[in-house]
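> Chains W and F supply the protein sequences, listed in that same order.
Heads up, the first sequence is in our numbering, so the first residue is 1 and it goes up one at a time.
Heads up, the second sequence is in our numbering, so the first residue is 1 and it goes up one at a time.
These are computed hints drawn from the structure, not numbers from a lab.
The reader is advised that the hints may include incorrect statements.
The calculated lysine to aspartate or glutamate pairs, modelled on EDC-like cross-linking and capped at a C-alpha distance of 20 angstroms, are [unchecked claim]:
#1 Lys249(F) x Glu192(W)
#2 Lys249(F) x Asp194(W)
#3 Lys89(W) x Asp213(F)
#4 Lys249(F) x Asp196(W)
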Amino acid sequence: MIPCRSVSLFSLFAGLILSGCFKTTELKFNDQQAAVASGRVPASVVEDYTLVLPITKRHYVASVFSQVFAIQEVSTDGDNLRSEIFFKKEFGGSCDPYGRSEVTVNGATTDEFIQARCGSGITADLLAATNPMRYAWTTKACENNIVTRPARFAAAMNQVLSGWSPGSVQLQHKPNAENIKKAYGLFFQSREPDEDIVNALIQLGTTAANNDEAWRLILISLCVNPEWQSLI
Amino acid sequence: MNRRSFLKKSISGVGGAYLLTSPLQLMLGNILSSVFQRAWALEQGEAGFLDKKFINISLAGGASRWMFDLPLRPNGNDAFQYNAINDPRTSMLITKLTPDPLGPGGFVGEYATVQVGGYYLPVMWGGKIATVGGGSENMSALAQNMLFMRGIKSVDSHSLGRTLQTKPSGGVSLGGGVADRATTVLPALSMGTINGTFKSGKGIVPQEMPVTDPFTAAFLPFSSAMNLRTNAASTSEAIDAALNVMRAKAGGRHKMVPFTYEDRVNARKLMTTQFTNLSGVYTDLRNKYLNLISRSMGDATLRQPGVDDLAVPGSSVGQFRIHNGTTSTFYTGSNLSSITDSQTTVARLAEMMAVTEFMICGGSFSRSFSSTVHAELGSVGSAIFDSLTVDGTVGLNQRLGMITDAHDTGSYIQLIQFTRYFRAIASCMFELVQRLKAVPSGSGTLFDKTVIAINAEFNRNARDAGNGADHGPDGSCYTLCSGMIAQPLVVGDIRKDGGRNGYRGTWGNGSTMVEFTNQQAVIGNAASTVALMLDFPTPTPNNAPFVNLNSTTGKVVSTVGRTKNVG
Numbered sequence: 001m002i003p004c005r006s007v008s009l010f011s012l013f014a015g016l017i018l019s020g021c022f023k024t025t026e027l028k029f030n031d032q033q034a035a036v037a038s039g040r041v042p043a044s045v046v047e048d049y050t051l052v053l054p055i056t057k058r059h060y061v062a063s064v065f066s067q068v069f070a071i072q073e074v075s076t077d078g079d080n081l082r083s084e085i086f087f088k089k090e091f092g093g094s095c096d097p098y099g100r101s102e103v104t105v106n107g108a109t110t111d112e113f114i115q116a117r118c119g120s121g122i123t124a125d126l127l128a129a130t131n132p133m134r135y136a137w138t139t140k141a142c143e144n145n146i147v148t149r150p151a152r153f154a155a156a157m158n159q160v161l162s163g164w165s166p167g168s169v170q171l172q173h174k175p176n177a178e179n180i181k182k183a184y185g186l187f188f189q190s191r192e193p194d195e196d197i198v199n200a201l202i203q204l205g206t207t208a209a210n211n212d213e214a215w216r217l218i219l220i221s222l223c224v225n226p227e228w229q230s231l232i
Numbered sequence: 001m002n003r004r005s006f007l008k009k010s011i012s013g014v015g016g017a018y019l020l021t022s023p024l025q026l027m028l029g030n031i032l033s034s035v036f037q038r039a040w041a042l043e044q045g046e047a048g049f050l051d052k053k054f055i056n057i058s059l060a061g062g063a064s065r066w067m068f069d070l071p072l073r074p075n076g077n078d079a080f081q082y083n084a085i086n087d088p089r090t091s092m093l094i095t096k097l098t099p100d101p102l103g104p105g106g107f108v109g110e111y112a113t114v115q116v117g118g119y120y121l122p123v124m125w126g127g128k129i130a131t132v133g134g135g136s137e138n139m140s141a142l143a144q145n146m147l148f149m150r151g152i153k154s155v156d157s158h159s160l161g162r163t164l165q166t167k168p169s170g171g172v173s174l175g176g177g178v179a180d181r182a183t184t185v186l187p188a189l190s191m192g193t194i195n196g197t198f199k200s201g202k203g204i205v206p207q208e209m210p211v212t213d214p215f216t217a218a219f220l221p222f223s224s225a226m227n228l229r230t231n232a233a234s235t236s237e238a239i240d241a242a243l244n245v246m247r248a249k250a251g252g253r254h255k256m257v258p259f260t261y262e263d264r265v266n267a268r269k270l271m272t273t274q275f276t277n278l279s280g281v282y283t284d285l286r287n288k289y290l291n292l293i294s295r296s297m298g299d300a301t302l303r304q305p306g307v308d309d310l311a312v313p314g315s316s317v318g319q320f321r322i323h324n325g326t327t328s329t330f331y332t333g334s335n336l337s338s339i340t341d342s343q344t345t346v347a348r349l350a351e352m353m354a355v356t357e358f359m360i361c362g363g364s365f366s367r368s369f370s371s372t373v374h375a376e377l378g379s380v381g382s383a384i385f386d387s388l389t390v391d392g393t394v395g396l397n398q399r400l401g402m403i404t405d406a407h408d409t410g411s412y413i414q415l416i417q418f419t420r421y422f423r424a425i426a427s428c429m430f431e432l433v434q435r436l437k438a439v440p441s442g443s444g445t446l447f448d449k450t451v452i453a454i455n456a457e458f459n460r461n462a463r464d465a466g467n468g469a470d471h472g473p474d475g476s477c478y479t480l481c482s483g484m485i486a487q488p489l490v491v492g493d494i495r496k497d498g499g500r501n502g503y504r505g506t507w508g509n510g511s512t513m514v515e516f517t518n519q520q521a522v523i524g525n526a527a528s529t530v531a532l533m534l535d536f537p538t539p540t541p542n543n544a545p546f547v548n549l550n551s552t553t554g555k556v557v558s559t560v561g562r563t564k565n566v567g
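With the rest of the complex left out, here is chain W:
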């Protein structure tokens, strides 16, 4: 048990440390104000830079794709996911052999992406950040899985709708608030969509000629959405 006096001292130190932190922030602001007040720097040229957005690395992006479309193992699959996501340095991510992840394939535990970890000229830790290249490759991967590969599309749909099969006209297989939330959760794991987003996706589905096409449009919209690649 911590004596009362120690608690008080601890509180005092914590308070000092915290006030020090705030003082630093305030000081920075005052420095900028002083710079403007001195007349040496025009007010228009002072701005605070505190923008940081954590972006996921290629391992995470590839993992989401492999889960949504039931791609067994990227390293042996050799398909578009490797060339469009995992080998692309635009997605960042290290080649550290200690940064391993394991998956279970056919009941056996194996290294995930072991063959592909550091291929295609990726030789160093890469900063994961945002740029158009990243989303161009993402769009390609989305289209290649959802539009041109029926089995991949079916794998995703089976996670959204029970009993779904291609060409289904069943009423419960039409896009609605409930099943759109499931589709949303494929990419935005453990997140619920806002009501406006659900309605926008339902509306998108109404522009399609049939259920299959409606779901392709909805899945494409979710897949190419850059937001799920941000760690927020």
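Please arrange chain F on chain W, whose structure you already have, making use of the hints.
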């Protein structure tokens, strides 16, 4: 007539009708004019031509600058001292040679200037630069849009010094500030090493451009050969509508997330653009700039009297020493002026210029693809020596790379090597400026929106013996070229003396300045200048810019008084 030409002619046509119309027609004309102008501006804005542009040319290695963009006697009569005290025969601080039987090799160096505008610039500005089509232009034409900042304190480190030029604080870099505000699809590009030199507030990373087929590499992920349902315009619009709703909600989660949607939109724009023959486009542009470099190095008609045209016989004294990275060698051939020829290159110069011209000006696509390019140039490659003495052994007709980190390169070789190196850079810059001037932007041209910066990790201070120049972080210079600069302008004060570590002479060592609270100028002052011109908040708010912008003309005016040499 394409849409752009139509809009442009429509504006001038409607404007010209003012002289002949009634008040009613005048009013209608006014409305029509504003409609066309709005459409024209909108088109330019969508094409990225209204963005500010920043092109950074980093002279890796830190070449000596006093023969090019570091004026040491800008007023013509400034206090000045050769580093071999008042003896130009063995001084490094020379811009010209004249025959003198008492000088090394029968020549003597001289710090010579030429008047350009209201300043006296190093004499090479009185020479010629190569232009496209085999012609030439007075180099002074380029100076009309240049701002020379001198006396700047940097750091004694190649890597950190280079980084600080564009990223002088922990905040956003100069290129990052431009990229954050860019509407172009690839906001930032890089060539060469860029470690630590770029930081964006939005998390943008520059697209790395390889020297081999960079356009194909850059646009590869945007190629969309498949005829997908999702590429249909109506479908794409429906998807965009849904994504816009999601984007509107995203800002509530994190203020940065909406920026990632911008990148997706930009990616989509490029995926719907048809690119053909990108390799050929790059090859043609690169060859254009390679030709300018080749002529700068090898065309005898561009050589300047007294600067690099004299047949200077070699010698085994300091002025003729060359440092090629591992050994020190003496040039002992018959004519020092022949050390470069049409095969001599400047690493990455042609490639970065080709990339910049296409990505900024857009070629036939009428679209600016990028807003900032950071390029790191390499050394002079494939210089030729008809005779070298290496460790007592004479070698004939050797080709060498001549590094710009010229610790052990003597004054005569530096003069000729760097004069041609900078002539090549100036020739390429002049051509790039012409291309920027050819692109309309608002009421002016893209050149009015652009800042081209030339910087290096430091300048060099001069060895007394004339046998090389070491790191000179106390006297760096930083040069800008822009349509926002209406006449040659030199700012920043330097000292007559050489400063620390026993270096002597007026090599550019910075002086304290009253305008900077009696401190020496630092890179932050140069960075604030660039930020001011490019219209974004400076990453170094405690360092004032060297200039301000005239509120009427938009052109730079000095805020630090007439440049001077102190002491």
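> Each hint: holds or not?
Hint-by-hint comparison with the structure:
no. : hint                  : result
1   : Lys249(F) x Glu192(W) : holds (12 angstroms)
2   : Lys249(F) x Asp194(W) : holds (8 angstroms)
3   : Lys89(W) x Asp213(F)  : holds (18 angstroms)
4   : Lys249(F) x Asp196(W) : holds (9 angstroms)
Consistency with the previously given hints is maintained throughout, with no hint failing.
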